[in-house]
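Participant: When we follow UniProt numbering, the leftmost residue of the sequence shown carries the number 1, and every step to the right adds one.
Quick caveat, the hints were computed from the structure, so don't treat them as lab data. Worth double-checking, as some hints may not be accurate.
As the list claims (entries may be wrong) - In silico BS3-like cross-links for lysine-lysine, where the CA-CA straight-line distance does not exceed 30 Å:
(1) LYS142 - LYS91
(2) LYS172 - LYS205
(3) LYS205 - LYS142
(4) LYS172 - LYS138
(5) LYS205 - LYS91
(6) LYS172 - LYS91
(7) LYS142 - LYS172
(8) LYS205 - LYS138
(9) LYS138 - LYS91
Keep in mind it's a predicted model, so treat the numbers as computed, not measured.
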Amino acid sequence: MYLRVHFFIGQLLWLVAVLQGKTIQGIPGYGRNLIIKTIPEVEGIQSNLYEIYMEPYLYGLGQQSYPVVNRAEKQTGGRNAPGLQAIVYLKPDEESGVDGELIFTQLIPNGPVAIEGNVTGLAAGLHGVHIHQTGDIKDNCKNIGPHFHGYYGRHGGPRDPVRHVGDLGNIKAEEGANLEVRIIDHLISLTGPRSIIGRSIGISKGEDDYGRSSTEDSALTGTSGETIACGIIAYLH
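Hey, can you work out the whole structure from these sequences and the hints?
Facilitator: The following block contains the structure:
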C-alpha cells in the first residue's frame with residue numbers, strides 16, 4: 001500500500017516537472033532530459049557506439065566565468081555564461097618553465113567543447129596537447145597515466161574518425177611569444193562517459209604525429225615526447 005502511494009506521488013511530481021519544464025528541487029532526476037548520443041561505426045575498426053546519460057543540473061543555469069587574464073584581475077571581472085565551464089592551471093614538470101591556464105566551455109550536453117587560454121614558456125614549434133587518464137600531479141607530471149582513450153584503442157589526430165578521446169592535436173608556439181590557445185573539440189565532454197573533469201591535461205615536448213609513423217609509440221602517444229606541463233581539470237563555479 002505504502003509503496004503504491006510513493007510510486008503515485010513520484011509519478012505526479014515527475015508530471016509536474018515535465019509540464020513546467022524544470023526540475024523539482026530536492027528530487028534528483030525529475031524534469032531532466034535523457035541525453036542519447038550515437039557515434040557511427042567505422043567499418044572494420046569499431047561498431048556503432050551509443051551513450052545514454054542524464055542532463056546535469058547545471059545546464060542552463062549560467063555559471064560565473066572570467067576572461068583569461070592574470071589571476072589578480074579575475075576577481076574583478078565576470079559575466080554569466082550558459083552551459084558548463086571548467087578550468088585548468090598548468091604547472092611545469094621539473095624545470096620546464098611552462099605554465100598557463102585554460103578554460104573549457106560546453107554550451108550543450110552533447111555539443112563541442114571550446115578550449116581557450118594562455119600558455120607561456122614553450123619552445124618555438126609544435127607541441128602535442130592531450131587529456132590524460134588521471135589527475136595525479138603530485139609527482140610533477142609523472143603519474144598522469146596514458147591518454148584518456150575512452151572506448152577508442154588507437155591514437156590519432158583531432159579530426160580522425162578513430163582516436164583517443166584525449167587526442168587534441170598540436171599547438172604552435174612562436175619564439176619568445178605567449179601562446180593564445182583556441183581549440184574546439186567534438187569528442188571530449190564536461191559530463192557523461194567522455195567527461196574530462198578530474199582528469200589532467202598535458203602539453204608535450206614535441207610534435208604529435210597523429211599516429212602516422214607506423215610504430216608502437218606512434219600508435220600510443222604520437223611520439224610527442226615527455227609531458228612538460230600538466231594540470232587537473234575542475235569545474236569553474
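Participant: Now, for every hint given, state plainly whether the structure supports it.
Facilitator: Structure-based check of each hint:
no., hint, result
1, LYS142 - LYS91, "12 Å, holds"
2, LYS172 - LYS205, "12 Å, holds"
3, LYS205 - LYS142, "14 Å, holds"
4, LYS172 - LYS138, "27 Å, holds"
5, LYS205 - LYS91, "14 Å, holds"
6, LYS172 - LYS91, "19 Å, holds"
7, LYS142 - LYS172, "24 Å, holds"
8, LYS205 - LYS138, "20 Å, holds"
9, LYS138 - LYS91, "11 Å, holds"
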